[in-house]
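As a plain string of letters, each chain reads:
Protein chains: 2
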Amino acid sequence: MRQGIISQEVNGHQESPGAAEDEGRRRRVAVVGAGLVGSLAAINFARMGNQVDLYEYREDIRQALVVQGRSINLALSQRGRKALAAVGLEEKVLATAIPMRGRMLHDVRGNTSVVLYDPNSKQCLYSVGRRQLNEVLLDACDKLPNVRCHFEHKLTSANLREGSMEFRNPNQDVIAAKADLIVGCDGAFSGVRQQLVRLPGFNYSQEYIDTGYLELCIPSKSGDFQMPANYLHIWPRNSFMMIALPNQDKSFTVTLSMPFGVFAKIRNQNDLLDFFKLNFHDALPLIGEQQLVKDFFKTRPQHLVSIKCKPYHYADKALILGDAAHAMVPYYGQGMNAGMEDVTLLTGILEKELRLDEALAQFTESRWQDAFAICDLAMYNYVEMRDLTKRWSFRIRKWLDTLLFRYFPSWIPLYNSVSFSSMPYAQCVANRKWQDQLLKRVSVTTLLAAILAGVAIFSQRFI
Amino acid sequence: MRQGIISQEVNGHQESPGAAEDEGRRRRVAVVGAGLVGSLAAINFARMGNQVDLYEYREDIRQALVVQGRSINLALSQRGRKALAAVGLEEKVLATAIPMRGRMLHDVRGNTSVVLYDPNSKQCLYSVGRRQLNEVLLDACDKLPNVRCHFEHKLTSANLREGSMEFRNPNQDVIAAKADLIVGCDGAFSGVRQQLVRLPGFNYSQEYIDTGYLELCIPSKSGDFQMPANYLHIWPRNSFMMIALPNQDKSFTVTLSMPFGVFAKIRNQNDLLDFFKLNFHDALPLIGEQQLVKDFFKTRPQHLVSIKCKPYHYADKALILGDAAHAMVPYYGQGMNAGMEDVTLLTGILEKELRLDEALAQFTESRWQDAFAICDLAMYNYVEMRDLTKRWSFRIRKWLDTLLFRYFPSWIPLYNSVSFSSMPYAQCVANRKWQDQLLKRVSVTTLLAAILAGVAIFSQRFI
Numbered sequence: 001m002r003q004g005i006i007s008q009e010v011n012g013h014q015e016s017p018g019a020a021e022d023e024g025r026r027r028r029v030a031v032v033g034a035g036l037v038g039s040l041a042a043i044n045f046a047r048m049g050n051q052v053d054l055y056e057y058r059e060d061i062r063q064a065l066v067v068q069g070r071s072i073n074l075a076l077s078q079r080g081r082k083a084l085a086a087v088g089l090e091e092k093v094l095a096t097a098i099p100m101r102g103r104m105l106h107d108v109r110g111n112t113s114v115v116l117y118d119p120n121s122k123q124c125l126y127s128v129g130r131r132q133l134n135e136v137l138l139d140a141c142d143k144l145p146n147v148r149c150h151f152e153h154k155l156t157s158a159n160l161r162e163g164s165m166e167f168r169n170p171n172q173d174v175i176a177a178k179a180d181l182i183v184g185c186d187g188a189f190s191g192v193r194q195q196l197v198r199l200p201g202f203n204y205s206q207e208y209i210d211t212g213y214l215e216l217c218i219p220s221k222s223g224d225f226q227m228p229a230n231y232l233h234i235w236p237r238n239s240f241m242m243i244a245l246p247n248q249d250k251s252f253t254v255t256l257s258m259p260f261g262v263f264a265k266i267r268n269q270n271d272l273l274d275f276f277k278l279n280f281h282d283a284l285p286l287i288g289e290q291q292l293v294k295d296f297f298k299t300r301p302q303h304l305v306s307i308k309c310k311p312y313h314y315a316d317k318a319l320i321l322g323d324a325a326h327a328m329v330p331y332y333g334q335g336m337n338a339g340m341e342d343v344t345l346l347t348g349i350l351e352k353e354l355r356l357d358e359a360l361a362q363f364t365e366s367r368w369q370d371a372f373a374i375c376d377l378a379m380y381n382y383v384e385m386r387d388l389t390k391r392w393s394f395r396i397r398k399w400l401d402t403l404l405f406r407y408f409p410s411w412i413p414l415y416n417s418v419s420f421s422s423m424p425y426a427q428c429v430a431n432r433k434w435q436d437q438l439l440k441r442v443s444v445t446t447l448l449a450a451i452l453a454g455v456a457i458f459s460q461r462f463i
Numbered sequence: 001m002r003q004g005i006i007s008q009e010v011n012g013h014q015e016s017p018g019a020a021e022d023e024g025r026r027r028r029v030a031v032v033g034a035g036l037v038g039s040l041a042a043i044n045f046a047r048m049g050n051q052v053d054l055y056e057y058r059e060d061i062r063q064a065l066v067v068q069g070r071s072i073n074l075a076l077s078q079r080g081r082k083a084l085a086a087v088g089l090e091e092k093v094l095a096t097a098i099p100m101r102g103r104m105l106h107d108v109r110g111n112t113s114v115v116l117y118d119p120n121s122k123q124c125l126y127s128v129g130r131r132q133l134n135e136v137l138l139d140a141c142d143k144l145p146n147v148r149c150h151f152e153h154k155l156t157s158a159n160l161r162e163g164s165m166e167f168r169n170p171n172q173d174v175i176a177a178k179a180d181l182i183v184g185c186d187g188a189f190s191g192v193r194q195q196l197v198r199l200p201g202f203n204y205s206q207e208y209i210d211t212g213y214l215e216l217c218i219p220s221k222s223g224d225f226q227m228p229a230n231y232l233h234i235w236p237r238n239s240f241m242m243i244a245l246p247n248q249d250k251s252f253t254v255t256l257s258m259p260f261g262v263f264a265k266i267r268n269q270n271d272l273l274d275f276f277k278l279n280f281h282d283a284l285p286l287i288g289e290q291q292l293v294k295d296f297f298k299t300r301p302q303h304l305v306s307i308k309c310k311p312y313h314y315a316d317k318a319l320i321l322g323d324a325a326h327a328m329v330p331y332y333g334q335g336m337n338a339g340m341e342d343v344t345l346l347t348g349i350l351e352k353e354l355r356l357d358e359a360l361a362q363f364t365e366s367r368w369q370d371a372f373a374i375c376d377l378a379m380y381n382y383v384e385m386r387d388l389t390k391r392w393s394f395r396i397r398k399w400l401d402t403l404l405f406r407y408f409p410s411w412i413p414l415y416n417s418v419s420f421s422s423m424p425y426a427q428c429v430a431n432r433k434w435q436d437q438l439l440k441r442v443s444v445t446t447l448l449a450a451i452l453a454g455v456a457i458f459s460q461r462f463i
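Sequences listed follow chains H and Z, in order. All residue numbers for the first sequence refer to UniProt numbering, where the first residue is 1 and numbers rise by one. All residue numbers for the second sequence refer to UniProt numbering, where the first residue is 1 and numbers rise by one.
Errors might be hidden in some of the hints.
For chains that are exact copies, the list does not tell them apart, and a pair is met inside one copy or across any two.
Unchecked claim - No farther apart than 30 Å at their CA atoms in a straight line, the calculated lysine-lysine pairs in the DSSO-like style are these: (1) Lys277 / Lys440; (2) Lys265 / Lys317; (3) Lys298 / Lys82; (4) Lys308 / Lys82; (5) Lys298 / Lys317; (6) Lys143 / Lys122; (7) Lys433 / Lys154; (8) Lys277 / Lys221; (9) Lys352 / Lys317; (10) Lys154 / Lys317; (11) Lys440 / Lys82; (12) Lys122 / Lys294; (13) Lys250 / Lys352; (14) Lys265 / Lys154; (15) Lys122 / Lys298; (16) Lys398 / Lys352; (17) Lys82 / Lys122; (18) Lys352 / Lys143; (19) Lys308 / Lys277.
Calculated directly from the structure, the hints in this document are not laboratory data. If you're wondering where the values come from, they're calculated on a predicted model, not measured in any experiment.
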């Protein structure tokens, strides 16, 4: 293997060591990771006049034959839409997205029922392809003269204090680069964060859940969807569940989430088919037995991790955004949306023209509680989604929430505040607590009144 | 700098690739870190017949002129003593240790008062020098033919799956080594744990507290201690505190713990002396003004971190013990004791002659809840120690606990169960909860009885 060190001239600014000190001048910003959050961040930094280098360890997703290792569709909601709108890309993305108006629940007998997300104002989630969305964002990067994309650049080391990084390309060349600010948008296993974790005072936790997931597929049939397209399909089975989101090519991507212990019990084709016949009776013919067996045993179930940390920055030298800062389990559909909202909030703070270290500190301070809250909510929603079989209590609450929301617009149900508003996540949680308390008080009062009325009637009869 | 790769023959066993599979045969065990837990672990692995290589990045502490970077004395209690007794070293260590029978509290006016740890059976903590204790343990390693010590070997990389490690010596030579089992006893910032953190399913958290600490010294005077020697001295000041432990050379090592914000306000000699005159009036002349100024400004306050993780092992290939597995804030004096207890428990499990992967899994399973519990207790005790100024409630509870403990030996107060017994830490906590509930119930019942009696008397008078 050829090995060499290539010193990369970063947008022609490498010769200006004093750049960071000159607050009036724009900076050399290195964004590590050209996924959804990274490419959106690059656009925003560039629009503010910075010189942006965008590094990605994979090949250009626009040229990739197969996009591996990540779920291929995602639920875009309010926070993601707002971030896209801010850079003029919302309409372009929604044009090819598939609206999902509610959950379609599949019971063990194959019966389905629908729970709309928002029966009042008909707001919905949008199923978008990761690849399409990433392409739109990268195309927008290409149109900006001050963004330079570097694909197949894998970060191998970084010195945040000095703003220096080393990458390797597929030839194993070592590529050295420098920047005034390093922005890690490099996902749950972020290399930039790995440097932050070593700094004293950096709080960090990674928590794996005992559940693994596998992706399967319900292909299109005769050029059409095999199930109603405008829903997020759920097969809740208490300790495990399956969901399906529609794709543009009229297939569905199916995600099976189960404890590793349950996965381990399915050892061969017979186990698998028996398991599906028992639990996902209606989905089995749609997936197809042969394809199911092939896809199920092709890869091992993947782990799911929830990551919280604080702070998100180091002085005026480094910053992490998106999954690098707050990876969450995927059960609230907020991972991408929260990451994109990071960019919206950061841009808002940077536009105040504070000193950069102060601006980054303000970002951490204003963001960490909300990031922790959505990580916790995602974990909580995992239990709720699996348990939708106990759905009468869920439906009664849903009905009550919808009713109250209609007549008292300030009664925003939790799911709506998270998915269809930009209310800070922590406030969504506080809001829900307040609603729970009120409902509890009302029901206790009602119960007491009923008892008192009963006693009154009883006394009148017998005294 | 000279660089080369030296392949290290590990106790002549490197040529036996099948060693790990042969359960009857003893293993090549690499213990990384020759501190208190590492050297104790090496002794135990060697006594079970394994070939042990003990690697330490510092020089041999027995030859070191100055031991840097770690607190120089420690409070040895029951769990540490038990672990030392198991390898026949307890008496040797206690011979030079200084018993501490209780806390001596210093108030702001300089008045002192004593709270004994165990007024009933006079159990006490022992102040031991880190260096002396480490020397005793390393000397014991030297006496075992199957332990080989490698000082100035800094772990730079490890492949746990393959059992391979790379070290660097001060000449920057790369030294390659192999082992069947790698045991990380390399402290809170463990390099072995760094490998575990990357494995899917490894839960990890590091939490820094907002408090920093600095070490100061009360030297001996005319060949004697300047304060009563047989106590752990505490200056509790609510949001901060100072403690002092006696050393063999008749000095005291003083540890000042304060929020970083308070440290930051002390910018010069005048600030410092004013601060000490106000808060540690009686300690100031003992430390000496000049020495205080010198020591205080010599180093920056150190961070304190609490680390929890799970599991502690990887298959039959790697294991972490002590601070590497559960670093805690130092306020329960259990860091070293818990680490040594790890070794006791592990040895007990290994002696059952299970398959190694099963034995290590059993160690994780039987240890993590207790490790989490002592990390939490240490955090909780930090608040208790600082707040001892509110000491009437503390003393009343202490008095009640002592009384109950005397007449009902099963009523073991929390501090005693942690420091003077081998009760699993989690059980110590459960025990305390049960005691709290009982006391609460008794006091509510007493209060009710008093009210009823009052009502009865009142009725008799007025009806």
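Now the hints, each set against the structure:
1. Lys277 / Lys440: neither (41 Å within a copy, 55 Å between copies)
2. Lys265 / Lys317: Classified as between; 26 Å across copies, 49 Å inside a copy.
3. Lys298 / Lys82: The answer is neither: 38 Å in one copy and 51 Å across copies each exceed 30 Å.
4. Lys308 / Lys82: Close inside one copy (24 Å), not across copies (38 Å); limit 30 Å.
5. Lys298 / Lys317: Answer is between: at 27 Å across copies they meet the 30 Å cutoff, but 42 Å inside does not.
6. Lys143 / Lys122: Answer is neither; intra-copy 35 Å and inter-copy 78 Å both fail.
7. Lys433 / Lys154: neither (44 Å within a copy, 51 Å between copies)
8. Lys277 / Lys221: within (21 Å within a copy, 84 Å between copies)
9. Lys352 / Lys317: within (18 Å within a copy, 53 Å between copies)
10. Lys154 / Lys317: both (20 Å within a copy, 29 Å between copies)
11. Lys440 / Lys82: Classified as neither; 35 Å inside a copy, 53 Å across copies.
12. Lys122 / Lys294: Classified as neither; 39 Å inside a copy, 70 Å across copies.
13. Lys250 / Lys352: neither (45 Å within a copy, 59 Å between copies)
14. Lys265 / Lys154: Neither, since 37 Å and 43 Å both go past 30 Å.
15. Lys122 / Lys298: neither (39 Å within a copy, 65 Å between copies)
16. Lys398 / Lys352: Intra 41 Å, inter 55 Å, cutoff 30 Å: neither.
17. Lys82 / Lys122: Result: close within a single copy only, 18 Å intra versus 68 Å inter.
18. Lys352 / Lys143: within (26 Å within a copy, 67 Å between copies)
19. Lys308 / Lys277: neither (39 Å within a copy, 42 Å between copies)
In summary, the structure is inconsistent with hints 1, 3, 6, 7, 11, 12, 13, 14, 15, 16, 19 from the numbered list given earlier, while agreeing with the others.
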